[in-house]
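> Sequence:
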Amino acid sequence: MGFVENVYAEEEAVEEEYDEDEEEEELEFTSAIITALTCAEEAQETGEFDVLSSCPPHAAWEGVKDIYEENPKIVIYDVTEDEYYAVKPTKDGIYWSDLLEGFGGSIDGTAEPVGKEGELVVIKFTEFEITPKPKPGFFKGCL
9 MGFVENVYAE
19 EEAVEEEYDE
29 DEEEEELEFT
39 SAIITALTCA
49 EEAQETGEFD
59 VLSSCPPHAA
69 WEGVKDIYEE
79 NPKIVIYDVT
89 EDEYYAVKPT
99 KDGIYWSDLL
109 EGFGGSIDGT
119 AEPVGKEGEL
129 VVIKFTEFEI
139 TPKPKPGFFK
149 GCL
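Residues in the sequence shown are numbered from 9 upward in steps of one, following this note's numbering.
Certain hints may be false.
[As the list claims (entries may be wrong)] Below, computed lysine-lysine pairings styled on DSS-like, alpha-carbon distance capped at 30 Å:
(1) 124 to 73
(2) 132 to 96
(3) 141 to 81
Worth flagging that the hints you see were computed from the coordinates, not collected in a lab.
Build the full structure now, drawing on both the sequences and the hints.
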């Protein structure tokens, strides 16, 4: 009997490890920045996060040969982890239009990794909420 209990205990330990791995697969984002790949690379290299908020929308199209046939190079930059991720738009999740409208703003939500593009992890959002970047002059009169 003692041997069976030990085996059962080992199985429980393996299940707990598996559950922990499952939880790690889901990524949680809070105020992550929607930006261009080139701006994210620059921010990570220099450590200057101002690059993310001042990144022009046309930077998302740098390196794209045909804007009608190829997708923009938009990433989600998680400032707390100092990492950025490519996004896979899906019909039941986030669309390119959502990312383009929210460009320069922030995104909150949960996502799961679905693959890699070179060294870049590709994620698919299961839940998200985008806060667009405020328009210039939005804070005028606040003082």
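> Hint by hint, say whether it matches the structure.
Going down the list of hints, with the structure as the test:
1. 124 to 73: 21 Å, holds
2. 132 to 96: 5 Å, holds
3. 141 to 81: 18 Å, holds
In summary, the structure agrees with every hint in the numbered list given earlier.
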